[in-house]
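Protein chains: 2
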Amino acid sequence: MTAMNAFYAQSGGVTAVINASACGVIETARKHRNRIANVYAGRNGIIGALTEDMIDTSRESARTIAALKHTPGGVFGSARYKLKGLEENRAEYERLIDVFRAHNIGYFFYNGGNDSMDTAHKVSQLSKSMGFPVTCLGIPKTVDNDLPITDNCPGFGSVAKYVAVSTREAALDVLSMAKTSTKVFVLEVMGRHAGWIAAAAGLAGTRAEDAPHIILFPEIPFDETAFLKRVDHCVKKYDYCVIVVSEGAQYADGRFLAEAGTRDAFGHAQLGGVAPVVANMIRDRLGYKYHYAVADYLQRSARHIASAVDVQQAYAVGKAAVEFALAGESAVMPVIKRVSDRPYRWRIDKAPLAKIANKEKKLPRRYISKDGFSITEAGRRYLAPLIRGEDYPPYINGLPNYVSIKGVAVPKRLNRNFVV
Amino acid sequence: MTAMNAFYAQSGGVTAVINASACGVIETARKHRNRIANVYAGRNGIIGALTEDMIDTSRESARTIAALKHTPGGVFGSARYKLKGLEENRAEYERLIDVFRAHNIGYFFYNGGNDSMDTAHKVSQLSKSMGFPVTCLGIPKTVDNDLPITDNCPGFGSVAKYVAVSTREAALDVLSMAKTSTKVFVLEVMGRHAGWIAAAAGLAGTRAEDAPHIILFPEIPFDETAFLKRVDHCVKKYDYCVIVVSEGAQYADGRFLAEAGTRDAFGHAQLGGVAPVVANMIRDRLGYKYHYAVADYLQRSARHIASAVDVQQAYAVGKAAVEFALAGESAVMPVIKRVSDRPYRWRIDKAPLAKIANKEKKLPRRYISKDGFSITEAGRRYLAPLIRGEDYPPYINGLPNYVSIKGVAVPKRLNRNFVV
Numbered sequence: 018m019t020a021m022n023a024f025y026a027q028s029g030g031v032t033a034v035i036n037a038s039a040c041g042v043i044e045t046a047r048k049h050r051n052r053i054a055n056v057y058a059g060r061n062g063i064i065g066a067l068t069e070d071m072i073d074t075s076r077e078s079a080r081t082i083a084a085l086k087h088t089p090g091g092v093f094g095s096a097r098y099k100l101k102g103l104e105e106n107r108a109e110y111e112r113l114i115d116v117f118r119a120h121n122i123g124y125f126f127y128n129g130g131n132d133s134m135d136t137a138h139k140v141s142q143l144s145k146s147m148g149f150p151v152t153c154l155g156i157p158k159t160v161d162n163d164l165p166i167t168d169n170c171p172g173f174g175s176v177a178k179y180v181a182v183s184t185r186e187a188a189l190d191v192l193s194m195a196k197t198s199t200k201v202f203v204l205e206v207m208g209r210h211a212g213w214i215a216a217a218a219g220l221a222g223t224r225a226e227d228a229p230h231i232i233l234f235p236e237i238p239f240d241e242t243a244f245l246k247r248v249d250h251c252v253k254k255y256d257y258c259v260i261v262v263s264e265g266a267q268y269a270d271g272r273f274l275a276e277a278g279t280r281d282a283f284g285h286a287q288l289g290g291v292a293p294v295v296a297n298m299i300r301d302r303l304g305y306k307y308h309y310a311v312a313d314y315l316q317r318s319a320r321h322i323a324s325a326v327d328v329q330q331a332y333a334v335g336k337a338a339v340e341f342a343l344a345g346e347s348a349v350m351p352v353i354k355r356v357s358d359r360p361y362r363w364r365i366d367k368a369p370l371a372k373i374a375n376k377e378k379k380l381p382r383r384y385i386s387k388d389g390f391s392i393t394e395a396g397r398r399y400l401a402p403l404i405r406g407e408d409y410p411p412y413i414n415g416l417p418n419y420v421s422i423k424g425v426a427v428p429k430r431l432n433r434n435f436v437v
Numbered sequence: 018m019t020a021m022n023a024f025y026a027q028s029g030g031v032t033a034v035i036n037a038s039a040c041g042v043i044e045t046a047r048k049h050r051n052r053i054a055n056v057y058a059g060r061n062g063i064i065g066a067l068t069e070d071m072i073d074t075s076r077e078s079a080r081t082i083a084a085l086k087h088t089p090g091g092v093f094g095s096a097r098y099k100l101k102g103l104e105e106n107r108a109e110y111e112r113l114i115d116v117f118r119a120h121n122i123g124y125f126f127y128n129g130g131n132d133s134m135d136t137a138h139k140v141s142q143l144s145k146s147m148g149f150p151v152t153c154l155g156i157p158k159t160v161d162n163d164l165p166i167t168d169n170c171p172g173f174g175s176v177a178k179y180v181a182v183s184t185r186e187a188a189l190d191v192l193s194m195a196k197t198s199t200k201v202f203v204l205e206v207m208g209r210h211a212g213w214i215a216a217a218a219g220l221a222g223t224r225a226e227d228a229p230h231i232i233l234f235p236e237i238p239f240d241e242t243a244f245l246k247r248v249d250h251c252v253k254k255y256d257y258c259v260i261v262v263s264e265g266a267q268y269a270d271g272r273f274l275a276e277a278g279t280r281d282a283f284g285h286a287q288l289g290g291v292a293p294v295v296a297n298m299i300r301d302r303l304g305y306k307y308h309y310a311v312a313d314y315l316q317r318s319a320r321h322i323a324s325a326v327d328v329q330q331a332y333a334v335g336k337a338a339v340e341f342a343l344a345g346e347s348a349v350m351p352v353i354k355r356v357s358d359r360p361y362r363w364r365i366d367k368a369p370l371a372k373i374a375n376k377e378k379k380l381p382r383r384y385i386s387k388d389g390f391s392i393t394e395a396g397r398r399y400l401a402p403l404i405r406g407e408d409y410p411p412y413i414n415g416l417p418n419y420v421s422i423k424g425v426a427v428p429k430r431l432n433r434n435f436v437v
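So the sequences go chain by chain: A and B.
Per my numbering, the first sequence runs over residues 18 to 437.
Per my numbering, the second sequence runs over residues 18 to 437.
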């Protein structure tokens, strides 16, 4: 068996640990040079393959590759670019396989979410029919934690830890001052479709009086009266109220709270920003002094407070993808299988891409308390292990020493440009 | 000399390290029980003295007191409560001294900013004239870094580190995705009157292409045309643009950007939130996709990423205050004196409260670049040492193990209540 090259691409929103998966892929591939000659990485994800703009990872030192494990963001560039259906745009898939063929690429590792698993699956099928079969492996990544089968998604644990730690810290601040200053604090977190990230904030406290006092999930229709009543109750009973709201929080009719109300000077509905909407509601109806924070990208790039479990798993799925590929598996994705909760034990398993593509895992109702404002013990049992352990990056002069790559391009071999 | 008690109070907005100063006070006092019998802490700051609601710190274990060094927020409760001028409200000062006298309190340690130094100074003067002289020491604390004489203020270094680290991390995220997604990221930071915190974000990058590409300081009148031109330039040249904006950013006529434009559904001007104002401006005029974050309390409570230098200095000023008091000094505040930049060396000195009270230290113009959008080498030289070193709190199950106190009240001795 002659060695072929591999193509690796990052897809969709990046995370604090997607580069750890890249590290797992490249370090493992480097141990099998007789099978995988070189790993090419797509510059800006799959776009790099379509435009034949690939990064030669063999030009990066072992030290640089190792440092990917502690560097957030997507070091090769990621993309929000979904390949259309095969019928609609066969040309894109064929171009992909033309590029793979031209560069002797026999392995395709696609690191992303639902859409990416769909793409990897299609490439696997089409490449066979085009007479250049490519071994296609998905590598899970998403802060949204919404991939099916896998117990959790690399990227989620670190956001979860960031949100839980930040909630605990901000709550101490608010509580200190509540007597004479701010009484209500609202933290907006990501999760347009599912409340996984908001749920993680629930780990910050364990007793009724602990923050967060209220979590607003996208899964639970927003009831303004019940919400304001609860806020008032918390301020009266505990002196303060900390609210964590998912950006996807919505009314029963499906309208996002974020779209309800706020308009800028030009009369445009203001996008994003559910926190100010909730905060203004409290000011207008209850009159309490408030502050709000919007974590936005800070939460998903916060490698400085990454979960050690998350980093390990992100690396493990990258490594396993290469090992599965070398074992002859294709059209599969490594998944994380939970063996036990306490002590937390997990192992890597695999699942067919066909079963993952375009499917979403929702936050189960049994993880949300009956009143809809907090998490249950079952939710806590699921979430708690995922934020375990600290994995600090190295620092120089007080700042994390994140790595950048040389990013040397693989010389082009096709004389046709492709416009995406 | 018979031992007297000491009173310690936290004042104003809390920080990630104000409890480290409390730790310095209490641990040092405990080494001198022959002189300082006990440290009483004001519950909710100075309000605790006025209402005779004091916490007996002798009921807290050595372990709890030691843990204050790694716990953010204000563990005894702080307050935004400024005593009025002596003429306007002599009754408040007299009440304070009545309480001190009733509890044999000969030392007053007031941990706060400008206003608090003014109060401590007045108490020092009045107590003498009332025949119960109290040794009054200020202990500097403010994330705003605006106290004069001291080279920097405990609390600032940790916010500075949080902001610099977060900017670096978010920038990696935005850069990864800029080809097909968000091109502009806006981070709003604290600093209503001075741009010290915004300036600290400048430490995140060192080259022209590094984030932050633009800092908006309160000190530099906002010029929309110049700003938008720079944003456009950065996106065209570097593919993305990261902007750090101080909540105090303002137009030449003194109007805050945060007040300009956004109104809620009820037509109220929306308070806070300069980030969405700047972001919407970019959307409307340049059309770039944007995201924004509002760090708010997260930045000043982020003990998990505190600066080790800041923690050391916060402890040192608390310790020094007690030592100065025992050496017979009064109406002074320990200050941090910078001995050298590289290597960074500092020592504790002292300054009279009269010279600190009600004075503000502004960000010098020479720390801001000529075009007003970044920091100079002089600014960098000043700021860089303050974020040095990491001082991680202990963790249990993935969350920082912050301490809470028993908070046992000192029995009241006065039979008159005082309403604040």
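Don't take each hint at face value.
One copy or two, either will do: identical chains are not told apart, so a pair holds if it fits within one copy or between any two.
Calculated pairs, DSS-like style, for lysine-lysine (alpha carbon to alpha carbon, straight line, at most 25 Å) [said to hold, decoys possible]: (1) Lys376 - Lys429; (2) Lys354 - Lys253; (3) Lys367 - Lys196; (4) Lys367 - Lys246; (5) Lys379 - Lys145; (6) Lys253 - Lys101; (7) Lys196 - Lys378; (8) Lys196 - Lys423; (9) Lys306 - Lys48; (10) Lys246 - Lys48; (11) Lys354 - Lys387; (12) Lys139 - Lys246; (13) Lys378 - Lys423; (14) Lys376 - Lys253; (15) Lys378 - Lys306; (16) Lys306 - Lys387; (17) Lys429 - Lys354; (18) Lys354 - Lys196; (19) Lys306 - Lys99; (20) Lys254 - Lys423; (21) Lys101 - Lys376; (22) Lys376 - Lys306; (23) Lys145 - Lys306; (24) Lys196 - Lys254.
For the record, the hints were derived by calculation from the structure and aren't laboratory data.
Just so we're clear, the structure is a prediction, and the values are computed from it rather than from any experiment.
Hint-by-hint comparison with the structure:
1. Lys376 - Lys429: neither (36 Å within a copy, 64 Å between copies)
2. Lys354 - Lys253: Classified as neither: same-chain Cα gap 44 Å, cross-chain 45 Å, threshold 25 Å.
3. Lys367 - Lys196: Cα proximity of lysine 367 and lysine 196: none, with 54 Å in one copy and 32 Å across.
4. Lys367 - Lys246: neither (47 Å within a copy, 51 Å between copies)
5. Lys379 - Lys145: Neither. Shortest intra-copy (34 Å) and inter-copy (68 Å) distances fail the 25 Å Cα cut-off.
6. Lys253 - Lys101: neither (54 Å within a copy, 28 Å between copies)
7. Lys196 - Lys378: The answer is neither: 42 Å in one copy and 29 Å across copies each exceed 25 Å.
8. Lys196 - Lys423: between (54 Å within a copy, 18 Å between copies)
9. Lys306 - Lys48: neither (59 Å within a copy, 41 Å between copies)
10. Lys246 - Lys48: Classified as neither; 60 Å inside a copy, 49 Å across copies.
11. Lys354 - Lys387: The answer is neither: 28 Å in one copy and 56 Å across copies each exceed 25 Å.
12. Lys139 - Lys246: neither (51 Å within a copy, 44 Å between copies)
13. Lys378 - Lys423: For lysine 378 and lysine 423, the Cα distance exceeds 25 Å both inside one copy (37 Å) and across copies (43 Å).
14. Lys376 - Lys253: neither (43 Å within a copy, 37 Å between copies)
15. Lys378 - Lys306: The answer is neither: 37 Å in one copy and 28 Å across copies each exceed 25 Å.
16. Lys306 - Lys387: So lysine 306 and lysine 387 fail the 25 Å test inside a copy (29 Å) and across (38 Å) alike.
17. Lys429 - Lys354: neither (40 Å within a copy, 59 Å between copies)
18. Lys354 - Lys196: This pair counts as neither: shortest intra-copy Cα distance 47 Å, inter-copy 34 Å.
19. Lys306 - Lys99: between (44 Å within a copy, 18 Å between copies)
20. Lys254 - Lys423: Classified as between: cross-chain Cα gap 19 Å, same-chain 57 Å, threshold 25 Å.
21. Lys101 - Lys376: Answer is within: at 17 Å inside a copy they meet the 25 Å cutoff, but 63 Å across does not.
22. Lys376 - Lys306: Close neither inside one copy (42 Å) nor across copies (27 Å); limit 25 Å.
23. Lys145 - Lys306: neither (63 Å within a copy, 39 Å between copies)
24. Lys196 - Lys254: Classified as within; 13 Å inside a copy, 50 Å across copies.
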